[in-house]
Amino acid sequence: MKRDMIRTGTILRLLVFAALLAFLLAPDRFAGLLAPLTNNGAPAIYNQGTLLDLTLSHLVTVGLSTVAAAIVAIGLAIFVTRPAGAEFLALSRAIVNIGQTFPPVAVLALSVPIMGFGEGPTRMALFLYGLLPIFENTLVGLSTLPPAVVETASAMGMTGRQRLLKVELPLAMPLIIEGIRLSAVIGLATATIGSTVAAKGLGEVIVAGLLSNNLAFIVQGGVITGVLAVLISDGFEAVAHRMAKRRGATRQADPDGQQSGA
Amino acid sequence: MTTLADAGTGRAATSRIDRFGVVIAIFLIGALALPFATLRATRIASGTGLRLFEALPVTVTATVLVVLAAAIGVALSSRRPAVRLALGALALAALALAAGAAGAHLMPDDNPYARIAPASGFWVALFGASMLVTDASVRLKLGPAGRIVALAVTAALIAGLFASGAWSHLSIVAEYRNRADVFWREAINHVILAAGSLAAAIAIGLPLGILAYEVRAVRDPLINVLNIVQTIPSMALFGILIAPLGWIAMNVPGAHAIGIRGIGMAPAFLALFLYSLLPMVANTVVGLNGVSRAVVDAARGMGLTGRQRLFQVEMPLALPVLLTGIRIALVQNIGLATVAALIGGGGFGVFLFQGLGQTATDLILLGALPPVALAFAAAVVLDAVIEISGRGKA
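Protein chains in written order, with the numbering used here: chain A, 51 to 312; chain B, 77 to 470.
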């Protein structure tokens, strides 16, 4: 029964993905559907650039920043959990806790005076804010390993580096993936707001709709961004779930682990 | 032999120079090479960066340098958190006062439109001193009451600096003066959006959470749907809600009269309410699930009815987790309410997006800093409350 539910969910997601793809590839075919939301003969489909292009640059912006954030955050988390970086552990925890109270939109806006308008501030804000969930989750993953496992690895004569690469990181991987998921979801949301600082992305469609009072634009921009975020988030969840299952290490996410968009 | 066990000994074994202190020193010394203040001919003109000694009278420059040098010295050599905290706080105070002094010193007599704002050197030094304070506070292990007192003192000092006029020549204060009425109106809007939607989410989310806890068949679908809502970017959700709310305003009698509109506060309020439901419902379920079976059985043995057990035993024990849900939702709402300005919902975002539109840096700051401060204060207060509520509970 549980398996049936998962299958239904997968089929549903595939259908939604197919619908999204169809809309992005041939948006004009759906014009009739959105036309009732326009008035005074305004266009029903965004026409200042193709939706596919905007979607791709949105994804590239989020993808690049998330990859960069993941590399730096995982590196930092490894550093502060080694003896050499231990004196920075307490401080880095505090910085992450404080940093996560910063609204992502504020980080975005505060990047503008430094970076100017365009893709720059969006990438910088996405990178900086993206560090936090990945760092936090990697830290939790690396510092809550079952002691027996780590001791066994040492007893087997593994060096520190072998232990890290073959035991600690693989065991922490589901949590790290969860951190990357959070980071990507927040990034997708913040990149949408990035359109207000002239970054190329899907927020442009919503902003154009708000400015010209065109509900059709607002709805298509909102639905595409929303669907993308849900599909990407589900994708990461599926990967993390599989990994956790394969390793037999089922760890429950803690109740204050959730975090949301921007 | 675990890595974290090594950590404690690792600290003691390091040499007398504190490596964390070296980082602080790099920030504070590096800051001196950067401009401390910016002078602009008008609020949107591009500015000239002025270094510490160019932006301040000699005596003030000397005082700031002495304080920063003392902070670096303590960061490098002293291990006592109280001393480090004191010097870090002193450095923060010196920087705050110096920023105001730079405003007064640089303000030209012949150009009332000139603007002075703290520049990168100020912010880098501020970050360095804040790290020193944060690290010392963590090591001092302040209790919840102590943290709230520290927050209140800091807030009072900042309010005092504003009221005393020490910052009155700074550009962000000029932006505030020009729109003081609107500022407080939008501040109230922001709080209504963030706290009001949370109050609604508590009123609906708690019963929903209890229902989800009692009825397994409800739990997974409900949490799944709320998870999906949480994943939708705020701008998208605000936008998507405009359509149905606009339709309701036009077609449902009386809806328009009670303030329901397609654009404005209504879609923002509804979106924030929906976002807050997940932390409320999920944490209610987790909190109730976490109550130990033995306690519930004992309550049953004492003859308590299901309702009495829920309200007198299970809910009080789940309180810290429930409060954690409220903390997550409130901090998140304060941030997200900033985006509401895009759909005419008001709040501090009004200034932030106006500032972006006019490329007026200080107006951006006026819109961005209050939500940051508000979210931070909310987190400190609720964390303290959570810690107090969790005392003496399993």
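No wet-lab data here; the hints were simulated from the structure. From a predicted model like this one, the values you see are computed outputs, not experimental measurements. Every residue, glycine too, gets a C-beta built ideally from N, C-alpha and C. Check each hint, because a few of them may be wrong.
Partial chain B-side listing against chain A, Cβ under 7 Å, derived [unchecked claim]:
(1) Ile264
(2) Ile268
(3) Ala271
(4) Val301
(5) Thr307
(6) Pro309
(7) Ala312
(8) Ile316
(9) Val407
(10) Gly411
(11) Thr414
(12) Leu432
(13) Ile440
(14) Phe452
What hints, given by number in increasing order, does this structure fail?
1, 2, 3, 4
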